[in-house]
Amino acid sequence: MLCDMGRKPKDQEERVINRIEELRLASGISRQELADAVGVHYQTVGYIERGEYSPSLVLALQIAKVLGTPVEKIFKLEEEN
Amino acid sequence: MAKSEIEKKIDAGAAKFEESAEQTAANFQQRYTDWIKNDRFFDGFRNTFGRIILIALASLWLVGGLLFCYNNGSGFIVYAIGVAVSVLAQKLSVRFVFKTGGLDILDEYQEARRNRAYRRAYSWVTSIVTGMVMVILFYAYANVYFTDGYLPLIPDAFIHWNIGAYQVAVVVVFLMGLFSLMPYFAWGFKGEPFRSKDEPNL
Chain A
15 MLCDMGRKPK DQEERVINRI EELRLASGIS RQELADAVGV HYQTVGYIER
65 GEYSPSLVLA LQIAKVLGTP VEKIFKLEEE N
Chain B
3 MAKSEIEKKI DAGAAKFEES AEQTAANFQQ RYTDWIKNDR FFDGFRNTFG
53 RIILIALASL WLVGGLLFCY NNGSGFIVYA IGVAVSVLAQ KLSVRFVFKT
103 GGLDILDEYQ EARRNRAYRR AYSWVTSIVT GMVMVILFYA YANVYFTDGY
153 LPLIPDAFIH WNIGAYQVAV VVVFLMGLFS LMPYFAWGFK GEPFRSKDEP
203 NL
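Just so you know, the sequences run in chain order A and B.
With this note's numbering as the guide, the letters of the first sequence map in order to residues 15 to 95.
With this note's numbering as the guide, the letters of the second sequence map in order to residues 3 to 204.
Some hints here could point you the wrong way.
Facing chain A, a subset of chain B residues (Cβ under 7 Å, in silico) [what the hints assert, rightly or not]:
hint, residue
1, D106
2, Y111
3, E113
4, E194
5, P195
Ranges between beta-carbon positions, derived for each pair [said to hold, decoys possible]:
hint, chain 1, residue 1, chain 2, residue 2, range
6, A, I31, B, L177, 50 to 58 Å
7, A, E36, B, Y120, 33 to 41 Å
8, A, L71, B, F191, 24 to 32 Å
9, A, L39, B, S125, 19 to 27 Å
10, A, L91, B, S125, 25 to 33 Å
11, B, A167, A, I31, 27 to 35 Å
12, A, L91, B, A28, 39 to 47 Å
13, A, D50, B, F30, 44 to 52 Å
Rather than coming from a laboratory, the hints here were simulated on the basis of the structure.
Every residue, glycine too, gets a C-beta built ideally from N, C-alpha and C.
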């Protein structure tokens with residue numbers, strides 16, 4: 015339907031949750047190491063882990079590669095939970 | 003014609019100097035980039051609490067200083083320095099995201115947040131300037147009405163508004179501060195996560 019098209023307002027957007035922190039800790043990788051490996055700031059990794067920022071597809075794939083886990087196992091929409 | 007020994011030495015020296023200068027510049031740029039990305043000395047400016055304090059102080063200084071200097075005709079230098087310091091503190095607080103000097107120092111999060119801040123700042127500045135113009139126009143009409151007892155189509159009350167060079171300078175500093183600080187205000191309060199100096203980075 016036409017009214018469902020386009021970008022939703024910020025408060026209605028589905029929230030993306032992720033398992034980065036859990037997988038990172040399991041791999042023994044620090045935030046700084048992960049940030050360096052994917053070319054972002056330390057703080058950005060923190061924002062992503064806390065769900066305050068949804069990374070681009072490229073960055074999500076890079077993170078998945080570093081963590082050795084398929085991207086769909088790391089990120090999912092909150093409503094899927 | 004073949005170059006003399008001296009010319010060859012000069013050429014070699016110049017080339018060596020050029021290479022050395024380029025290397026020094028590259029090293030300096032790399033150090034500067036590393037400092038911007040990883041500095042922790044100013045972390046107090048970068049967390050949410052620090053940003054709230056900085057924004058509150060900058061706003062108070064900008065508006066309070068304008069009112070004080072405009073009405074009292076003194077304190078201009080201190081006001082101007084304070085505005086410059088406020089802008090510098092804001093730059094440090096957001097790791098210079100608005101002035102990268104052509105350096106590739108922003109990641110995608112910073113770029114996205116910076117772009118959003120620019121859009122918000124543009125909107126806010128438009129509203130503020132429109133509001134200021136409306137206030138000045140109201141003042142102009144009211145001035146004519148209460149002085150001459152009628153409302154003209156186009157008020158010429160600005161002519162009666164005696165504003166000295168000192169006041170103009172104060173207003174100019176205020177406007178420069180307003181336009182400079184607006185993107186930093188629009189960046190938002192949310193700062194970098196608290197991070198202790200002893201944090202093991204996990």
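Going through the hints against the structure:
1. Checking D106/B against chain A: minimum C-beta separation of about 10 Å lies over 7 Å; hint violated.
2. Satisfaction of the interface hint for Y111/B is found here, the shortest Cβ-Cβ separation to chain A being roughly 4 Å, below the 7 Å cut-off.
3. With its C-beta approaching chain A no nearer than about 10 Å, E113/B sits outside the 7 Å limit, and its interface hint is violated.
4. The criterion of a C-beta within 7 Å of any C-beta in chain A is met by E194/B, whose closest approach is roughly 5 Å, and the hint holds.
5. Residue-level restraint check for P195/B holds (minimum Cβ-Cβ distance to chain A is 5 Å; threshold 7 Å).
6. Between I31/A and L177/B the beta carbon distance is about 45 Å. The supplied range of 50 to 58 Å is therefore violated.
7. Against the hinted window of 33 to 41 Å, the Cβ-Cβ separation of E36/A and Y120/B comes to about 35 Å, which satisfies the hint.
8. For L71/A and F191/B, the hinted distance range of 24 to 32 Å is satisfied, since their beta carbons lie about 29 Å from each other.
9. Roughly 41 Å separates the CB atoms of L39/A and S125/B, a value that falls outside the hinted 19 to 27 Å.
10. The hinted range of 25 to 33 Å is satisfied by L91/A and S125/B, whose Cβ atoms lie roughly 30 Å apart.
11. Between A167/B and I31/A the Cβ separation comes to about 59 Å, which falls outside the hinted range of 27 to 35 Å.
12. The given range of 39 to 47 Å is respected by L91/A and A28/B, whose C-beta atoms sit roughly 45 Å from each other.
13. Between D50/A and F30/B, the C-beta spacing of about 22 Å breaks the proposed range 44 to 52 Å.
This entry does not satisfy hints 1, 3, 6, 9, 11 and 13, going by the numbered hints stated previously.
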